[in-house]
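2 protein chains.
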Amino acid sequence: MFENQERTNIEQLGEFGLIDHLTKNIKLTQPGTVKGVGDDAAVLDFPGKKVLVSTDILLEGIHFDLAYTPLKHLGYKAIQVNLSDIYAMNGTATQVTVSLGISSKFPLEAVEELYEGIYLACEKYNVDLVGGDTTSSKQGLIISVTAMGYAEEKDITYRNTAGEGDLLCVSGDLGGAYIGLQLLEREKQIYLENPNIQPDLEGKDYIVERQLKPEARKDIVELLKDIDVKPTAMIDISDGLASEILHICKQSDKGCNLYEDKIPLDPMTYETAREFNLDPTICALSGGEDYELLFTVKQADYDKIKLQMDITIIGHITEASAGCNLVTKAGVVHPLKAQGWNTFKS
Amino acid sequence: MFENQERTNIEQLGEFGLIDHLTKNIKLTQPGTVKGVGDDAAVLDFPGKKVLVSTDILLEGIHFDLAYTPLKHLGYKAIQVNLSDIYAMNGTATQVTVSLGISSKFPLEAVEELYEGIYLACEKYNVDLVGGDTTSSKQGLIISVTAMGYAEEKDITYRNTAGEGDLLCVSGDLGGAYIGLQLLEREKQIYLENPNIQPDLEGKDYIVERQLKPEARKDIVELLKDIDVKPTAMIDISDGLASEILHICKQSDKGCNLYEDKIPLDPMTYETAREFNLDPTICALSGGEDYELLFTVKQADYDKIKLQMDITIIGHITEASAGCNLVTKAGVVHPLKAQGWNTFKS
Numbered sequence: 124m125f126e127n128q129e130r131t132n133i134e135q136l137g138e139f140g141l142i143d144h145l146t147k148n149i150k151l152t153q154p155g156t157v158k159g160v161g162d163d164a165a166v167l168d169f170p171g172k173k174v175l176v177s178t179d180i181l182l183e184g185i186h187f188d189l190a191y192t193p194l195k196h197l198g199y200k201a202i203q204v205n206l207s208d209i210y211a212m213n214g215t216a217t218q219v220t221v222s223l224g225i226s227s228k229f230p231l232e233a234v235e236e237l238y239e240g241i242y243l244a245c246e247k248y249n250v251d252l253v254g255g256d257t258t259s260s261k262q263g264l265i266i267s268v269t270a271m272g273y274a275e276e277k278d279i280t281y282r283n284t285a286g287e288g289d290l291l292c293v294s295g296d297l298g299g300a301y302i303g304l305q306l307l308e309r310e311k312q313i314y315l316e317n318p319n320i321q322p323d324l325e326g327k328d329y330i331v332e333r334q335l336k337p338e339a340r341k342d343i344v345e346l347l348k349d350i351d352v353k354p355t356a357m358i359d360i361s362d363g364l365a366s367e368i369l370h371i372c373k374q375s376d377k378g379c380n381l382y383e384d385k386i387p388l389d390p391m392t393y394e395t396a397r398e399f400n401l402d403p404t405i406c407a408l409s410g411g412e413d414y415e416l417l418f419t420v421k422q423a424d425y426d427k428i429k430l431q432m433d434i435t436i437i438g439h440i441t442e443a444s445a446g447c448n449l450v451t452k453a454g455v456v457h458p459l460k461a462q463g464w465n466t467f468k469s
Numbered sequence: 124m125f126e127n128q129e130r131t132n133i134e135q136l137g138e139f140g141l142i143d144h145l146t147k148n149i150k151l152t153q154p155g156t157v158k159g160v161g162d163d164a165a166v167l168d169f170p171g172k173k174v175l176v177s178t179d180i181l182l183e184g185i186h187f188d189l190a191y192t193p194l195k196h197l198g199y200k201a202i203q204v205n206l207s208d209i210y211a212m213n214g215t216a217t218q219v220t221v222s223l224g225i226s227s228k229f230p231l232e233a234v235e236e237l238y239e240g241i242y243l244a245c246e247k248y249n250v251d252l253v254g255g256d257t258t259s260s261k262q263g264l265i266i267s268v269t270a271m272g273y274a275e276e277k278d279i280t281y282r283n284t285a286g287e288g289d290l291l292c293v294s295g296d297l298g299g300a301y302i303g304l305q306l307l308e309r310e311k312q313i314y315l316e317n318p319n320i321q322p323d324l325e326g327k328d329y330i331v332e333r334q335l336k337p338e339a340r341k342d343i344v345e346l347l348k349d350i351d352v353k354p355t356a357m358i359d360i361s362d363g364l365a366s367e368i369l370h371i372c373k374q375s376d377k378g379c380n381l382y383e384d385k386i387p388l389d390p391m392t393y394e395t396a397r398e399f400n401l402d403p404t405i406c407a408l409s410g411g412e413d414y415e416l417l418f419t420v421k422q423a424d425y426d427k428i429k430l431q432m433d434i435t436i437i438g439h440i441t442e443a444s445a446g447c448n449l450v451t452k453a454g455v456v457h458p459l460k461a462q463g464w465n466t467f468k469s
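Those protein sequences? They're chains A and B, same order as listed.
Convert by adding 123 to the 1-based position in the first sequence; the result is the number in my numbering.
Convert by adding 123 to the 1-based position in the second sequence; the result is the number in my numbering.
With the rest of the complex left out, here is chain A (with noise of 0.2 Å):
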């Protein structure tokens, strides 16, 4: 990477030089953002509102293989994953801090070009860059974000308020992000075997991209206030569908029903996982990374959301004793697991 490119050297820069780089041409577009980047700590304003803060880190050879990864691509991703915590609590992000740990081998143009996918995301979301921590790593690429945002208490979307007949709904479709990543690792491995095939991801460009570049869904936390739908509850898609499944039933002491025909499924994603030989379903309930919403409604709701195009209902909530089941397309009642990454890596 970046071998016959421009390379500066950040050592040269140093840390404050190389903020200051990355910092000086940030446009704040949040009338919460008081003070941004440049002091001890950013100061920031949400009158009337709940505020709401949420963190997570991503670390090179755990959560992202540079290999196939464009740093574009993993600045994009980096802000997301974040944002969609706050959509997850029906919440409006309005703020990020970024913190990265860079090795000092790293061209000042790789570190842009991270940056580049950081500010398109918070551009594009409206939210505002507001603070961060640039060290160098001995330990390849990290990233930590924290985004900030805030709702009105009123219409906060917790994990445990599911009640008994609700909807069980989710947005978009499932399972996507995970057979890209099996897709890229396949390439990855043709391309180490024999540096001169190129990689084959023709017509493959949306799997991919539910991998490379996912999107917190914004759109469906508007669309919901539009239709005047409150979710009882609500969680994104990181872990995989069961996963996050159970944690809203563990949290509301309910059990629920999920229907494995409802499960939405992108055709792509659906051949794909055939030609790896993989259960699609079971890349949907434990592939994770989707950042797709999961969420319940009462069923009063229920004219509301069929209507809706990308949104599915894929089950309901039951009593707690009743258990957390998959049922089948032949009718079978399973217990729902989850599994999350690890069944795929024995």
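Treat each hint with caution, since some may be false.
A pair counts as met if it fits within one copy or between any two copies, since identical chains are not told apart.
Stated by the list, open to error - Here are the simulated DSS-like cross-link-like pairs (lysine-lysine), alpha carbons at most 30 Å apart as the crow flies:
1. K150 <-> K373
2. K373 <-> K427
3. K172 <-> K353
4. K147 <-> K277
5. K353 <-> K247
6. K327 <-> K311
7. K147 <-> K373
8. K172 <-> K150
9. K147 <-> K460
10. K429 <-> K353
11. K373 <-> K277
Since the hints were made in silico from the structure, they are not lab data.
Following the hints, put chain B in place on chain A, whose structure we already have.
For chain B alone, coordinates are given in the frame of chain A:
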């Protein structure tokens, strides 16, 4: 480390099991913490106040060396360095989030020890732990903390508001954390060369503690309120006195005279610097990690400040064209330079 002690495998607990285990006994003390750990985002309330947010990342091999840093101290320090930024805004710190990257080879007992220090700092400084992210790391220990707090708008102290003629003040004493580090590094080298020789830190508790277990100066913020002094500018000393003075002067578009003979040095710092053939003044100017507060006050506040045992007036602010100067004990005037850690590395 931990060779002869109980070892519980983190991999078996999994991420959620680990988080549950570490956070199950959290006691929330801040009335503004509406919802802490356990949802997509924490929910906080700061009625009528401005919100302060600051973030810092600590990396193994860059910011700390586990060869001589007890994990409990490290957890404590990770919180302190972040709270220090909130106090440097003249604010009240109220919440933190903590993201960790931990090798899966770390036993649970090690993570518990780290958290003991985190909780100890939170308890002592009356701050709630409200969220975070925990992941396995292939890259050594990574600790990313975000601190939040609040202040009335009129009370906030920025870096860019020092006025000509203002007095330059500092809390506590300087250079100790750096000298403590030199001592720990020396004992590590001796131990590596001959593991039968035990570290000799006797009588050096003060400077070792300055390095391993710094205390953010919440008390100084409270003291200044009690004596009714609002600093005209303030910053915390993480990178050495010179660097921080230059930040205030540059951002305020001012110059300064700093008097070498006024810089507060603890006798142990002075003596140990001499043992290492280091200039104690340079340790204070460029050593860093003292986490004292550097601030400017109006001359009219001189009578209030001069009575405070733990605050030292070390110079004054001048017009920008006069430059930033160090007046040595011999009366020679040198331009003040921020050399930071690198001074000592060659």
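For this session: Tell me, in ascending order, the numbers of any earlier hints that this structure violates.
Result: none
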